[in-house]
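Asks: Chains as they are written, first to last, in our numbering: chain G, 1 to 334; chain Z, 1 to 334.
A hint or two may mislead.
A few chain Z residues that face chain G, going by a derived Cβ cut-off under 7 Å, partial list only [claimed, not checked]:
{"no.": "1", "residue": "D251"}
{"no.": "2", "residue": "V279"}
{"no.": "3", "residue": "L294"}
Residues of chain Z clear of chain G, computed beta-carbon distances all greater than 12 Å [as the list claims (entries may be wrong)]:
{"no.": "4", "residue": "R37"}
{"no.": "5", "residue": "R319"}
{"no.": "6", "residue": "Y324"}
{"no.": "7", "residue": "E329"}
No lab work stands behind these hints: they were computed from the structure. The structure presented is a predicted model; accordingly, all values stated were derived computationally and were not measured. We put the beta carbon where it would ideally sit given N, CA and C, even for glycine.
Number of protein chains: 2
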Amino acid sequence: MVERVRAGDVRAAARLMRNLDDGIPGSRAVLRELFLRPGHAFVLGLTGPPGAGKSSLTDRLIAYHRKAGRTVGVVAVDPTSPFTGGAILGDRVRMQDHALDPGVFIRSLATRGNLGGLSRATSDVVTVLDAMGKDVILVETVGVGQDEVEIAGLAHSVVVVSIPGMGDEVQAIKAGVLEIADVFAVNKADREGADRTVKDLQMMLDLRRSTATRGGLDHDSEHRMTRTGAEDPHEAGWWEPPIVKTIATQDVGVVELAEAVERHRAHLERTGERKLREVARARATFLALLRDRLMQGALARLAEREGHLDELAARIADRSADPYELADELAGRL
Amino acid sequence: MVERVRAGDVRAAARLMRNLDDGIPGSRAVLRELFLRPGHAFVLGLTGPPGAGKSSLTDRLIAYHRKAGRTVGVVAVDPTSPFTGGAILGDRVRMQDHALDPGVFIRSLATRGNLGGLSRATSDVVTVLDAMGKDVILVETVGVGQDEVEIAGLAHSVVVVSIPGMGDEVQAIKAGVLEIADVFAVNKADREGADRTVKDLQMMLDLRRSTATRGGLDHDSEHRMTRTGAEDPHEAGWWEPPIVKTIATQDVGVVELAEAVERHRAHLERTGERKLREVARARATFLALLRDRLMQGALARLAEREGHLDELAARIADRSADPYELADELAGRL
Chain G
1 MVERVRAGDV RAAARLMRNL DDGIPGSRAV LRELFLRPGH AFVLGLTGPP GAGKSSLTDR
61 LIAYHRKAGR TVGVVAVDPT SPFTGGAILG DRVRMQDHAL DPGVFIRSLA TRGNLGGLSR
121 ATSDVVTVLD AMGKDVILVE TVGVGQDEVE IAGLAHSVVV VSIPGMGDEV QAIKAGVLEI
181 ADVFAVNKAD REGADRTVKD LQMMLDLRRS TATRGGLDHD SEHRMTRTGA EDPHEAGWWE
241 PPIVKTIATQ DVGVVELAEA VERHRAHLER TGERKLREVA RARATFLALL RDRLMQGALA
301 RLAEREGHLD ELAARIADRS ADPYELADEL AGRL
Chain Z
1 MVERVRAGDV RAAARLMRNL DDGIPGSRAV LRELFLRPGH AFVLGLTGPP GAGKSSLTDR
61 LIAYHRKAGR TVGVVAVDPT SPFTGGAILG DRVRMQDHAL DPGVFIRSLA TRGNLGGLSR
121 ATSDVVTVLD AMGKDVILVE TVGVGQDEVE IAGLAHSVVV VSIPGMGDEV QAIKAGVLEI
181 ADVFAVNKAD REGADRTVKD LQMMLDLRRS TATRGGLDHD SEHRMTRTGA EDPHEAGWWE
241 PPIVKTIATQ DVGVVELAEA VERHRAHLER TGERKLREVA RARATFLALL RDRLMQGALA
301 RLAEREGHLD ELAARIADRS ADPYELADEL AGRL
């Protein structure tokens, strides 16, 4: 199985991913082998709110890279219903244009329940796609929550997609995306307010740069001015996230977006930051894995002793079981 | 401390929350005491994408409940930078109107890093506010990711806030919000496209209801029609989420929204579903707690043996450490 996946065998890779999802014994060992001898993929994250057109952009980026002769893997992460366990794939259908292209492998992920396995599952798929020898891996996530920030941690570069007309654009910043964005795409740029959105983003970036120039993480306003003017962030290997206007449905701005990402990739290589990103990626991979394993182990043990989780929850609800004691006790075994 | 919080002492509650954040010994024991003898709060979640105006709606709902003589607690959850650990509070400032009102207690939460403590921290604050005797607790979360779904699990009722002009509204549904919504608010309803948004949401709800009527979770299309017509979902205690148009900044539709939530609350009581919600809340509380404890324990143990997490990540990045082995070993101790 390891060798077949490594040779790029699509059926073997698909089978492995299913086996990992279903927790089939042995699939973990295969994944581990693949992880320990990685490929060369560049992992690009795309994140942003629902309705921003991330799937359309992903679709266009696939076409762009295919045209350049690169093989592409895609992980589309769909937060899903906590009740039905099913994902509504909707516009994923569009991507089926690429379904017959052997150079493209697309995997949609849905969580089953909300026990926190989403980032681990994403990390697994990225590992498999990388081992298959894909040149580029696109990881598309919905939203701006904590989970998405974690998934973004699996990428070398992150494109944050926003759209005009979301009202106060500072809102998007508030959600912490500024810190994870390497490139901004303002999609649906033919809509009213696109220039305003670009301007707002630029203002936030300017503010951040001037703060960084004046002394990094020093947020004490009294001392802010003391280091003014000395450093030029550009000289110090500073990356200024470009803002690219796109209209994915009309294939407008997609080349510019891909080129902006390419410049970031070159920046990572030139400054040695790529290595730091690899460490950050390893950290994200490990934490996702650890959390998943711990929860699986703890819940299995709990089921043995306390019965089904739902029964335990009922006892906690009427205060005849103490969740703090139980959690402490289980964690205490470490 | 337990008694002071229970008596509604604001300073004691604020101190306890800070102590919990900082992991001060003894604060957990206090929290546990509070949890085991709960108050009577009704917990209302508000969730939706950035820019939907959740903070403004929260602000108006506070005013509504205060006018009705109810005390209010607020937890505003801000996903934050994974790099700086700081939250940009932005429009939280607006809520400071209530800062001098002793009947209102507002707590903004930011994660420090992305180790998954957000839902646990939220759960802690809800427990404290409930113990203080608050009548209503509003939990405001940004986004539609997995984490937010989990936080929504801490609420009795959930309002999903959307806005017109987000393009294809089916996008919002895709992200799994349909399943967690008890009430929909279409905010900024003076914008173009508000009626379209309402119609789209209504269509999704109709589709869901007809599917449920025809046999619940049976998604096999061949068998779908066999149970048609027999059940009326309304008779069987079915809750049809109302859709309320609001303009929070002008205080339009806020009373209607609050009344829709009140009807849902009455529905929960009448059908006995409130008890089920309490069990679901207990489940969410426990899982958040368990995950947090497990990760804390595992990372502490890891630090002892393997050094700092960042050094370990560097070794994983160059494949001289095996994350699968490490995670399995740590989880295996359970």
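Asks: Identify every previously stated hint that the structure contradicts and give their numbers, smallest first.
Replies: Numbers 1, 4, 5, 6 and 7, in rising order.
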